[in-house]
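The sequence shown: position 192 = 258 (the working numbering), numbered continuously.
Because the hints were derived from the structure by calculation, they are not lab data.
There's no promise every hint is true.
[What the hints assert, rightly or not] With beta-carbon atoms standing in for the labels, derived distance ranges:
#1 Thr371 <-> Ser436: 29 to 39 Å
#2 Lys585 <-> Glu163: 50 to 60 Å
#3 Asn587 <-> Glu208: 36 to 46 Å
#4 Ser436 <-> Glu260: 22 to 32 Å
#5 Tyr492 <-> Ser436: 32 to 42 Å
#6 Lys474 <-> Lys448: 58 to 68 Å
[As the list claims (entries may be wrong)] Straight-line alpha carbon distances no greater than 27 Å define the calculated DSS-like cross-link-like pairs of lysine-lysine that follow:
#7 Lys429 <-> Lys475
#8 Lys494 <-> Lys438
#9 Lys370 <-> Lys358
#10 Lys470 <-> Lys438
#11 Lys327 <-> Lys98
#12 Lys370 <-> Lys190
#13 Lys331 <-> Lys584
#14 Lys98 <-> Lys234
#15 Lys429 <-> Lys633
#16 Lys438 <-> Lys370
Don't be surprised by glycine CBs; every beta carbon is placed ideally from N, CA and C.
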Amino acid sequence: MNKKEFELFLKRQEVERRTSTQKILDSIHPRKVIVSGPGTGKTFTFKEVLKTKSGDCLALTFINNLARKLEEELGDLAKVCTFHSFCKEMLHKIPKEDLSNQFILFPYLEDIIKSDMRIMFNEKRNFSRSFHKMDLSVNSIEFFIHRSSYYDAVSFDDSVYRVMEYFKYNPEQIPRYEQVVVDEYQDFNKLEVEFLDILAEKNPMLIVGDDDQALYGMLKSASAEYIREKFNDPDYEHFCLPFCSRCPAVITQAIEDILVKAKQKGKLNNRINKIYKCYLPDKWRDSQQYPKIAYVQCSTQSKKTPYIARFIEKEIDKLTPDEIRGANAKGDYTVLIAGSGHYLKQVQTYFKNTEKYNLFLRKDSGHTESFKIIDGYKILLKNGEDSNLGWRILLEFDKIKNTKDLLKKTNNDSSLLLTNLLDSAYVKKHKAIMVILRNLINDETIVSEQQEIIENVIKAPIGKIKEELKMYDVEKDNDFGEINEDDISIVFSTYVGCKGLSAGYVFIVGLDEGNLPKKNNAPTELEIRKFIVCLTRTIKKCYLVSIGNFSGRWLKQSIFINWISPKRIDFINVNKAYFDKKG
Numbered sequence: 067m068n069k070k071e072f073e074l075f076l077k078r079q080e081v082e083r084r085t086s087t088q089k090i091l092d093s094i095h096p097r098k099v100i101v102s103g104p105g106t107g108k109t110f111t112f113k114e115v116l117k118t119k120s121g122d123c124l125a126l127t128f129i130n131n132l133a134r135k136l137e138e139e140l141g142d143l144a145k146v147c148t149f150h151s152f153c154k155e156m157l158h159k160i161p162k163e164d165l166s167n168q169f170i171l172f173p174y175l176e177d178i179i180k181s182d183m184r185i186m187f188n189e190k191r192n193f194s195r196s197f198h199k200m201d202l203s204v205n206s207i208e209f210f211i212h213r214s215s216y217y218d219a220v221s222f223d224d225s226v227y228r229v230m231e232y233f234k235y236n237p238e239q240i241p242r243y244e245q246v247v248v249d250e251y252q253d254f255n256k257l258e259v260e261f262l263d264i265l266a267e268k269n270p271m272l273i274v275g276d277d278d279q280a281l282y283g284m285l286k287s288a289s290a291e292y293i294r295e296k297f298n299d300p301d302y303e304h305f306c307l308p309f310c311s312r313c314p315a316v317i318t319q320a321i322e323d324i325l326v327k328a329k330q331k332g333k334l335n336n337r338i339n340k341i342y343k344c345y346l347p348d349k350w351r352d353s354q355q356y357p358k359i360a361y362v363q364c365s366t367q368s369k370k371t372p373y374i375a376r377f378i379e380k381e382i383d384k385l386t387p388d389e390i391r392g393a394n395a396k397g398d399y400t401v402l403i404a405g406s407g408h409y410l411k412q413v414q415t416y417f418k419n420t421e422k423y424n425l426f427l428r429k430d431s432g433h434t435e436s437f438k439i440i441d442g443y444k445i446l447l448k449n450g451e452d453s454n455l456g457w458r459i460l461l462e463f464d465k466i467k468n469t470k471d472l473l474k475k476t477n478n479d480s481s482l483l484l485t486n487l488l489d490s491a492y493v494k495k496h497k498a499i500m501v502i503l504r505n506l507i508n509d510e511t512i513v514s515e516q517q518e519i520i521e522n523v524i525k526a527p528i529g530k531i532k533e534e535l536k537m538y539d540v541e542k543d544n545d546f547g548e549i550n551e552d553d554i555s556i557v558f559s560t561y562v563g564c565k566g567l568s569a570g571y572v573f574i575v576g577l578d579e580g581n582l583p584k585k586n587n588a589p590t591e592l593e594i595r596k597f598i599v600c601l602t603r604t605i606k607k608c609y610l611v612s613i614g615n616f617s618g619r620w621l622k623q624s625i626f627i628n629w630i631s632p633k634r635i636d637f638i639n640v641n642k643a644y645f646d647k648k649g
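Can you make the complete structure from the sequences, with help from the hints?
In structure tokens:
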């Protein structure tokens, strides 16, 4: 292709992309669905659609980090929030007979109610699954609502359910917007999809999703089938955004290779067929500078021989100031290291010890640590010393003998306060601890005996207790750190957790059988999608890393490496001799 032909090719891409966006803007259909791969301009499209509106608009997405980014891009064009924060806000507004106006959203409420069910009736229940799948065949949802009302608290799931049920029977109360846009639709489960369907009864909807990025089936019973159903629904007009402005050409070409191989293996047969091409007017320079994916075969990895981390460090140290600024200007981080926990732990430890870079840890969406006894004290201090939930959390850790009888009494009569049923000496002991904690919150001095008491009860050093008390709200948020354009930032993430991120340089570690995928001869569709999502985080260059021997265990290379054409790959052997070389 000569220069003139190439310029015409670039011009055709510009026209094609502009045309695909304009079709969406010109549509007067009240219900639209867009299938949009990573980096194809969905936020730009949202912005252009919302610019045409003069009334109130709403933008919903899946997780806090995505909502934050969307809010920055859309500005005042729409109210932006996560799906769950929207439902919590609605729950405050609608009439409630079984919750006070001071109810709290407690992320670990399901753990408490699971324990209630186990203690009272010796039964195990997966309440989240019942909500996610709208399974009304057993009384799980009914029991959960009853207990959450007693605790004057909601979880993410039952807040959605409560609001949906209210709107179902009071459709005139459904909020009205000139436009509702919904991002990451493939991440929603049946409960959330049914809620959105109710919202669509009174509002024009623009839904965007990508079945190739559906990763939350195990975590929250989300399904790629929901975006596929919407794409084929005659009540919705469907569109595609075909051009990727994030990844260099080698990445979009590698995705094509993977999809071909997946189809040959009988996988992804139900996926929506869509074009996914590199938008060369934006990515020509990167595509020329980084024409191949690096496949790195590390001979070994252990705490004593941290070859993965040493290799990554060596590659990072090669980056020029311009490359660092270029990565930071376009991405969330300079470097993304994605892998399973056992790989990430060793690599992260190595980089912590270097003290050279800004390091961040990205947890999976939906990941929650177990609640702690201090959560109970925080609730009692913030919401009042009669809080049933606060005392229930303390009971979970104290395990007093008559807990079963106490819980059954409250289950039969929800007007009973736990604090009135508990032994007076027990209540007095914990109120004394609350006095000490309140003094800490107010930065008042406590004596060594008081410090010893709370450290023994909370099982944490005083510094950690003070830190926990500063995070006074039990509704926690996981956010990005602020990055200086000249600094190197590294984020560590699981394969699922990296969704929604972008980085200049991406290292996908642990591409071995038993890890990704579990079985080379039978990779799952979820594992294929994880691989695709990790690859498409790349702005500049991607590295695929496998290990010959991990902490004394011999491994086989992931079959996914073979799914990418060899002409797109640079092969690098990393062993002792590699590091012995100068330079």
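- [ ] Take a quick look at whether lysine 331 and lysine 584 sit within 27 Å of each other, Cα to Cα.
- [x] 16 Å, holds
- [ ] Starting from the hint 50 to 60 Å, judge whether the C-beta atoms of lysine 585 and glutamate 163 obey it.
- [x] 52 Å, holds
Open item on the list: Holds or violated: the 36 to 46 Å window for the beta-carbon distance between asparagine 587 and glutamate 208?
Closed with: 45 Å, holds
Open item on the list: With the threshold set at 27 Å, check whether the alpha-carbon distance from lysine 98 to lysine 234 stays at or below it.
Closed with: 23 Å, holds
Task: Straight-line alpha-carbon gap lysine 438 to lysine 370, limit 27 Å - done: 35 Å, violated
- [ ] Sort out whether lysine 358 lies within 27 Å of lysine 370, counting only the CA atoms.
- [x] Roughly 31 Å separates the two Cα atoms, so the pair is violated.
Task: Range hint 32 to 42 Å (beta carbons of tyrosine 492 and serine 436) holds or violated - done: 23 Å, violated
Open item on the list: Can you confirm whether the C-alpha distance between lysine 470 and lysine 438 stays at or below 27 Å?
Closed with: The given pair, whose Cα atoms are some 21 Å apart, holds under the 27 Å limit.
- [ ] Mind checking the alpha carbons of lysine 494 and lysine 438 for me, to see if they're no more than 27 Å apart?
- [x] Holds, because 20 Å separates the two Cα atoms, which is no more than 27 Å.
Task: Holds or violated: lysine 429 to lysine 633, with C-alpha atoms at most 27 Å apart - done: 34 Å, violated
Open item on the list: Tell me if the beta carbons of threonine 371 and serine 436 are separated by a distance inside 29 to 39 Å.
Closed with: 34 Å, holds
Task: Straight-line alpha-carbon gap lysine 429 to lysine 475, limit 27 Å - done: Distance ~39 Å between lysine 429 and lysine 475 Cα, so the pair is violated.
Checked against the numbered hints given earlier, this structure breaks hints 5, 6, 7, 9, 11, 12, 15 and 16; the rest are met.
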